[in-house]
Amino acid sequence: MPAPASTKRLRGVQIHRPFIFGSEAIPFDPANRPRDAPTDHTHRWRVFVRGIPTSNSAGQQQQSTDISHWLKKVQFKLHDTYANSVRMVESPPFEVEETGWGEFEIAIKFYFVPESGEKPQQLWHALKLHPYTGDIERQKADRTTVKSVCYEEVVFSEPVEPFYDLLTGGGEAGGQTRGKGGKSTKAANSGSLKTAEIPSKSNGANVWSKEEEGKELDRLAEAVKKVEKMIVDEKAQLVAEEKKLAQLEKTEGKLLKKRIPNNMQEAAMLGGGVL
Amino acid sequence: MASTRDIHDIMGMGGGPVQKPTNKKKKKVVEAQPRLSGISREVQALMGDSVPPVQIVEPPKYKSKPSLANKLYKPRHWQEIPFKPGARSDGLSLTHWKRALPSHRPLQLNGDVEMVDGIQPSLKPEYQFEEEFPMDKWAVAVRVPDYTDEQYERHFKADDWTREETDYLVKLASEYDLRWIVIADRYDPQEIQSAQIGGEALEVAKNYSSRTMEQLKLRYYQVAAQDLELRTPKASMNPTEFALYEKMRSFDAKTETLRKAMAEKLFERTKDEAEEERTLLEELHRITKNEEEFIAMRRDLYARLEAAPSLRRNERGEEQNIVLSSAGLSELLSRLFAKEKHLKRRAPAPGDSNSTAQQQSADGRSRANTSLSRRDTMDTATEPSKKGSVSQQIVPKQLTQAEEERYGVSHPNERLTSGVSFRHEKINRVTTAKSQVQTQKINAALTELEIPARLSMPTEKVCKEFERLVSQIQLLLDARRTLARVSEEVKTLEEMRRQRLGLPPLAEQNASGEAMDVDKTAPAPGQVGRNSTTETLQSGSLGGQTVNGVDGGPGPAVDEDDEDAEGEDDVEASNLEKTQNDEEDEADNTGLNDDSMAQRDEGDEDENAEEEDEEDDDDDDVGVEDEDEDDDEGNAALMRGVDNDDGEDEGEHDVDDDDVEDEDEEEEAVPLHEEGDEEEEEEQQRERGFARHQTEDEATDADNDDDTQNVTMDDVEPEENDPDAEDDDEDVADNRPTSAGSRGHKRGASVISDASGAGSNRSGAGRKRRR
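Residue numbers (full-length UniProt numbering), protein chains in the order written: chain A, 1 to 275; chain B, 1 to 771.
Possibly wrong hints are sitting among the right ones.
Partial chain A-side listing against chain B, Cβ under 8 angstroms, derived [as the list claims (entries may be wrong)]:
(1) R9
(2) L78
(3) D80
(4) E118
(5) L167
Calculated from the structure, these hints are not laboratory results. Cβ coordinates follow ideal geometry from the N, Cα and C atoms, glycine included.
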């Protein structure tokens with residue numbers, strides 16, 4: 001691993017990497033309650049930071065894009081009531097599994113690879129144990145997994161040279177990750193795992209895709225259209241009012257600007273205060 | 001040691017003396033002592049370190065002087081001997097003293113001095129002397145060229161030298177052993193004649209001119225060289241001969257003259273001139289040295305200038321061309337400036353292709369310039385290599401479009417702040433306006449548009465779109481606010497007109513009574529609906545009032561939500577109310593009065609805000625600020641709606657005014673006047689109208705006591721009615737629960753409607769507070 005030899009930033013360049021973070025929780029099976037869990041705990045949950053799940057994964061072990069080439073380690077700060085509430089995960093998978101009874105905000109701190117020369121960044125995630133949407137009772141009864149996952153993109157503005165090199169498919173660290181990929185039998189498309197692209201279609205394993213992005217864009221565009229229309233209406237109304245105002249001003253003259261001097265106002269204020 | 005020192009210390013003797021001797025001793029031990037010879041080691045040891053006061057050892061003895069006294073020494077024999085110097089040919093005899101060689105005969109010990117003197121002549125032949133030193137071997141004569149007449153004619157003839165002169169010169173040369181200074185000194189054309197003993201000597205004398213040393217030398221060397229060559233052909237000369245020959249051949253009289261002249265000049269400089277020359281030389285040295293530095297600096301600058309653009313170019317994946325000339329450099333510089341400007345402008349233009357084209361054209365130009373073959377700088381030779389390495393270092397690779405997409409590389413046009421960020425952070429920043437209320441409004445609007453607080457896919461595109469949406473929403477909110485203001489103004493002017501069209505300006509009480517009646521007869525439909533809903537909620541106590549305030553708030557809000565569930569549409573609602581107010585006012589004399597007052601006040605209060613109000617666009621910064629303040633006000637109003645005991649001054653004013661208005665139109669006028677806030681007045685008027693309706697409708701009579709009280713108060717101190725009003729407020733609350741309740745409701749309704757749309761109503765107050 002080379003020392004951060006160059007701290008020269010590449011001007012005007014921005015590189016982003018998508019990832020997802022979130023939590024999934026499942027209530028204890030009353031019949032098969034884990035023995036080690038404290039008595040008041042009701043759920044088993046897991047908080048994680050992952051790459052975008054790749055579409056070709058169908059099996060149990062979900063594949064996802066590589067985030068370890070830019071993410072070195074992740075620190076999850078749990079509620080203070082947990083033992084060792086600060087959990088540092090040094091290598092992928094970046095996740096923490098726990099049991100609990102309550103929801104709280106987890107601070108997720110991202111430590112980037114040393115080449116990046118960047119400081120750690122923090123995100124908050126609200127742990128969700130209970131279903132809030134849909135048929136709540138049904139979900140509770142079925143003990144379905146409650147997921148709360150957010151898509152996010154990390155943006156490296158003006159990265160330093162070595163990091164840029166690394167993010168664009170070169171560098172020694174890239175080789176390293178490739179090596180790791182090889183170990184976990186992902187070597188086949190290790191190159192593509194370093195990508196910032198997101199799958200074009202959603203599927204069972206992954207809901208974060210270009211398709212989804214398009215939908216979101218449509219939604220926003222529609223909202224913009226709606227607002228624009230309202231602005232047009234508002235403007236029309238405003239024009240009408242202005243016209244009216246102009247007419248009135250013709251006959252009545254402009255509104256008098258100075259009739260009560262300032263001290264009068266003050267007097268009024270003062271009087272209000274005194275009496 | 002320490003103990004003795006302590007004692008010394010105690011006895012006041014000081015610790016010094018104790019230490020000194022020890023030091024001395026030590027020093028002596030260390031010092032290398034001169035070794036005394038002649039004394040046995042044991043004796044020396046007895047003496048110890050002290051140096052003996054007298055030199056007890058004798059210095060070494062040297063050989064003593066020979067003394068004649070003890071006759072051990074016999075002086076050598078000296079004798080004056082004549083000799084003939086070998087160098088001389090004239091047989092001159094000279095004498096000199098010579099010492100006799102030491103004889104091997106034994107010395108005569110018994111002989112005294114007289115005797116020695118006496119026998120000296122007899123001993124004379126016994127002495128041996130050294131051979132005469134061959135002094136003549138140093139008496140070398142210079143070999144001067146010699147020539148016959150024939151030879152001279154053939155080889156040595158020169159145009160400006162006659163045979164006589166040449167002869168004379170050669171003679172002098174041999175005479176003075178080529179000591180040129182002497183020769184030049186003695187060279188005398190007169191002597192030539194004397195040397196040439198002949199009858200025509202006097203005539204010839206005129207022809208011979210005196211010669212300078214250089215001329216003499218030149219002539220002599222010519223002759224000598226020629227002579228040398230004649231004697232030994234060039235090919236067979238030995239090195240020394242050849243060197244001499246060459247030297248003589250290459251003698252340049254002119255250079256020599258010049259050299260001598262210069263030397264002369266140099267010698268004859270004055271001190272000042274010498275000084276000046278020295279300073280000038282120093283200056284020259286300094287300049288040349290600085291020039292080197294300057295050149296180095298310039299090279300450095302060029303290198304740096306080159307590095308930046310090359311980085312830029314390569315990032316953009318363009319071809320790399322090396323600027324070789326200063327023309328290219330200046331081009332480059334201007335391009336850099338242009339780019340800087342471009343970035344500053346944050347032009348949303350399709351910068352990539354644009355700037356690319358720009359660059360390419362610039363490159364083309366620079367190349368053209370280069371080809372103009374302008375004077376290349378000194379650095380040209382070094383630059384390319386340097387630059388190449390730099391760019392290599394900076395740009396690791398160039399990516400294709402597809403690759404950029406794949407690796408998520410982009411080149412945004414706006415200024416970047418280096419570092420890491422998350423996309424959604426930006427979203428949060430966008431939705432967070434300056435004021436909390438504004439933020440709430442925006443968020444409400446977003447909720448209304450069914451945009452979740454957290455975007456599900458915050459990609460670059462989505463974020464851009466979202467930003468657009470939020471800016472649109474802000475625009476909309478601004479538009480609404482402006483509209484509200486303009487409509488307020490319109491209303492005021494309408495009131496003015498009505499006033500101008502012959503309604504008596506000071507027919508307050510009667511007119512107010514009429515107005516009430518009229519108001520009752522012509523309530524706006526929306527109002528009625530609202531009133532009816534709230535009337536049911538009215539209760540008879542102050543507490544009830546506040547409760548109503550609370551209840552009334554949500555009630556209408558819900559109603560409005562039905563019509564326009566986004567908070568944004570509230571403006572419309574408020575407008576609606578305003579129009580209602582207009583209707584009321586049309587029939588309301590007092591209303592007219594109030595409005596006229598309000599008008600004046602308005603003019604007064606909103607001096608600076610007036611312009612904004614009149615203009616349709618309020619999008620400037622001030623507008624935004626106002627908005628924020630307005631929002632705060634709106635908030636305050638909300639609070640008031642809930643709780644009448646609001647401590648805020650303005651809140652009080654508002655509430656007070658409202659209450660007073662409810663009671664009595666006369667009073668209204670004054671507090672309004674005092675309040676001086678047109679917009680609030682507008683609102684108040686509206687509310688007043690409501691109150692009037694309600695009082696009429698429910699046939700609750702105005703509290704006479706309060707009224708009269710207020711009236712008197714007003715008469716006495718017309719400017720300071722607020723406190724009275726405050727008192728009245730409570731009274732009213734007590735006495736006329738229904739109206740109060742209705743007001744409470746009304747307050748609530750208006751507040752909510754105002755909350756987003758008509759927040760500007762409070763701008764006047766807001767401004768006042770700022771002042």
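Hints breached by this structure: 2 and 3
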